[in-house]
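A.B. asks: If you're matching them up, the sequences are chains A and B in order.
Residue numbers for the first sequence follow the numbering used here, so the first one is 1 and each next one is one higher.
Residue numbers for the second sequence follow the numbering used here, so the first one is 1 and each next one is one higher.
The set of hints was computed from the structure by calculation and includes no laboratory data.
The beta carbon of each residue, even a glycine, is placed where N, CA and C say it ideally should be.
Check before you lean on any hint, since a few could be wrong.
Distance windows between CB atoms, simulated [unchecked claim]:
hint: 1; chain 1: A; residue 1: Arg19; chain 2: B; residue 2: Glu232; range: 39 to 45 Å
hint: 2; chain 1: A; residue 1: Ala85; chain 2: B; residue 2: Val231; range: 33 to 39 Å
hint: 3; chain 1: A; residue 1: Glu222; chain 2: B; residue 2: Gln180; range: 36 to 42 Å
hint: 4; chain 1: A; residue 1: Ala50; chain 2: B; residue 2: Gln180; range: 19 to 25 Å
hint: 5; chain 1: A; residue 1: Arg157; chain 2: B; residue 2: Leu19; range: 34 to 40 Å
hint: 6; chain 1: B; residue 1: Leu115; chain 2: A; residue 2: Asp122; range: 40 to 46 Å
hint: 7; chain 1: A; residue 1: Gly42; chain 2: B; residue 2: Ala114; range: 28 to 34 Å
hint: 8; chain 1: A; residue 1: Gly193; chain 2: B; residue 2: Lys118; range: 55 to 61 Å
hint: 9; chain 1: A; residue 1: Gly69; chain 2: B; residue 2: Trp111; range: 31 to 37 Å
hint: 10; chain 1: B; residue 1: Tyr177; chain 2: A; residue 2: Ala77; range: 36 to 42 Å
hint: 11; chain 1: A; residue 1: Glu222; chain 2: B; residue 2: Trp121; range: 47 to 53 Å
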Amino acid sequence: MLEAARCIVYRDLLLALRRRTDVATALLFFVIVASLFPLGIGAEPNLLRAIAPGVIWVAALLSTMLSLGRLFAADHADGTLEQLALGAAPLGVVVTAKTLAHWLLSGLPLVLIAPVLAVQYDLPQALYGVLALSLLLGTPVLSMIGAIGAALTLGVRGGGVLLALLVLPLYVPVLIMGAGAVEMAAAGLESGGQLLILGALLVFTAAFAPWAIAAALRISLE
Amino acid sequence: MTTAVRWFWFASPHTFFPLAGTIARWSGLLAVPFALAGLYVGFLVAPTDAQQGEVYRIIFIHVPAAWMSMFLYLVMAFWAALGLAFNTRLSAMMAQAIAPTGALFTFIALWTGALWGKPTWGTYWVWDARLTSELILLFLYFGFMALHASIDDLRRADRAAAVLAIVGAVNVPIIYYSVQWWNTLHQGASVSFTKAPSMAATMFLGMILMALAFWLYSIAVAMVRVRCLIVERQ
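One chain only, chain B, in its complex shape (with noise of 0.2 Å):
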């Protein structure tokens, strides 16, 4: 019985409020130094690409945030799963809180993939298996956002956006295989993401370093949304 109070004890908006005030300063601040080792690491220390020059640079920006919005939108299905079975009204704001996060990282990750496909591969946009799934993705956090925003009535608004969630989570390894096949059926190898072999020490350093930062700043983003929707809400 003890460990069920532990368990729920932040979840009541009340008592998690100041946690997250803690939790956002925190993890704020410590994502400033993170972002300018990653890009100091990225900018100056990674060596220069051999087939791509410095363009392959924006690698430093572009992988991290895809690993975001896809990590990013595992979670909010998880807290609106959670929200869904436990009935814990925080739960679901963290679901809320977190969408426009995972939005803005895919957004940035289409947007990075657009500019560094222009050198590389001569356009802005293929219709390659990943760019496509991470459009798709898009689609699905405005989804669940337009939902949410679309029913006045705020459990209701929850709930339906959690269902809507965890469908979308469901469905988001079939995309993925079903872009990938139907990729591979329409065109060759025309465009390959395949990268040189050995990816530098220091690159993947970087990469590391940025995707830290950029989970830092997610949380602290998240925790101060979700102290705006405690106020809002009470």
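Bound-form chain A, shown alone (with noise of 0.2 Å):
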């Protein structure tokens, strides 16, 4: 069962390799995102400041969404999702493999590059480890309800834009604890209340959503 996971995990994670500019995509639009802001409200480095956590997470939300359907579609396409529901690894394993590759993919490039932006927002430094801590725990929940949402609306015309209106709201928890969890480090105080409740979210969502992937995705594979 571990075995079949490893080797989904390693069989997606060499895929996303062998057709980089995916990957970098979603990462650069990650980055699009986050700089527009400052061209929109203006460059005032307190304004700035005061917006960051909350900026850099929701670019982290959609730059999240935007990758999302790549998740199953490619092998629901050519049949290699049939298969693997069909195999002997239950799908609960099979999906939770797929979202960590995913996460791997989307997620956790986010995190390493989030105190980049951090920079370009005039952050003091002590904030980064907050802010890549909140988004190493908060990005695996938003890889997992977004797989929940990307197995419903698989094949379903009007896909994306859907995916969207599905999976936003569930996001509003993750994005309200995630970049809570930085302003409060910023007004100097103690965020370790936001980041358990997201590390709890991690475990509650990893505990359930592979069962709510495997039945969405069994329904669409019908």
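Mind docking these for me? Both chains are given alone in their own frames, and the hints should help you get the complex.
C.D. replies: Quick look at the structure:
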């Protein structure tokens, strides 16, 4: 079972490596969206510092959502997904592995590049750690909740916009806690509470999302 | 075995169709006197609020609508789950029939809230925890309906929307508490929902009457819609 999961993660990473631009586009999108805000709002440093956590987190939400389309679509198109569903490994394990691969390709790069954006927004250095940690805890939740939406909208017309409508409202708690943790730290307060709740959301989603994803996929594959 | 048979007797759209008509007729007819009585108590009997004057009377529409909006989502998720578990066609139709009414009440709650907010708080919209979670609830309803509408295969549409409704129902309390916490982080007690500690009995009566009227209306409309769905699908 673990072997199957390892194989799927390895395979998805390898496929992504062969098509590097796909991964790069979502990451670039993240950077560009975050760079547009100062242009629209103005480059006043205090203002930028105040909006930075929210902007970076919203950009992370949108960027994760954009890359969700890739999660099952290609495998669905060439029939791999049906083979995986029919295979010996439980579908829950398969989708967990695929979601993990998706996070490694779309969530982890965000965590790593976020401090660079924090420089753009003139955030104090002390906050880089909290920002990265909040993204590290939050982005897997985004991938897992997003995977439910991606599985539900598989092969549906208008899938991309529909996915946004389904998934973004469910992202609200992660956004609030993630941006909240950074804002608390910026105000010089203890941000442990928000980070712990993010961790709790992560555990909760990791426990229940695979079932929902697998159920949604089975419905889509019928 | 006999109980099982009775449980599922009305799960068949064919047997449910006439029953739905009867329920729709009676609850629709009953909703009218309840609404009239509720409005009468609300607008003519209930005392004027000491702080807010006559404006507060919108509460008789606003609060029952907000109750219904949240309750109907749970009812919808319940039918969706039932449909997923027992594979009964009717349950999915019930969920689909309830969704527009739920969205309507969510919208009414937001709209009346805005109209109430302007004279009392001086603004149509504040990012209060309840307002925000109500708005997100509206998005969840829209997501449910949009997903159902965009899948052509009805069976798949029913089941996919059911999964979404269940995921949404699990998320609603999480969203509510996170928004509440976010709100307390951001703004102080500039706007507070806390009302005068004692609510006059007549006010409460008016609200309960209106809530019952909304209940009956929701049942009636959902039943009519289920009948339409049954006709449409078979």
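A.B. asks: Against this structure, judge whether each hint is valid.
C.D. replies: Each hint, compared with the structure:
1. Roughly 44 Å separates the CB atoms of Arg19(A) and Glu232(B), a value that falls within the hinted 39 to 45 Å.
2. Evaluation of the 33 to 39 Å hint for Ala85(A) and Val231(B) yields a pass: the beta carbon distance comes to about 35 Å.
3. The hinted window of 36 to 42 Å between Glu222(A) and Gln180(B) holds, with their beta carbons roughly 39 Å apart.
4. In this structure, Ala50(A) and Gln180(B) meet the distance hint of 19 to 25 Å, their C-beta atoms being roughly 22 Å apart.
5. Remark: the range hint 34 to 40 Å for Arg157(A) to Leu19(B) is upheld by a beta-carbon distance near 36 Å.
6. With their beta carbons about 42 Å apart, Leu115(B) and Asp122(A) fall inside the hinted range of 40 to 46 Å.
7. Remark: the range hint 28 to 34 Å for Gly42(A) to Ala114(B) is upheld by a beta-carbon distance near 30 Å.
8. A C-beta distance of roughly 35 Å is found between Gly193(A) and Lys118(B), which places it outside the suggested range of 55 to 61 Å.
9. A beta carbon spacing of about 35 Å between Gly69(A) and Trp111(B) agrees with the range 31 to 37 Å that was offered as a hint.
10. For Tyr177(B) and Ala77(A), the Cβ-Cβ distance of about 40 Å falls inside the hinted range of 36 to 42 Å, so the restraint holds.
11. Range check, Glu222(A) to Trp121(B): Cβ separation about 50 Å, and the 47 to 53 Å hint holds.
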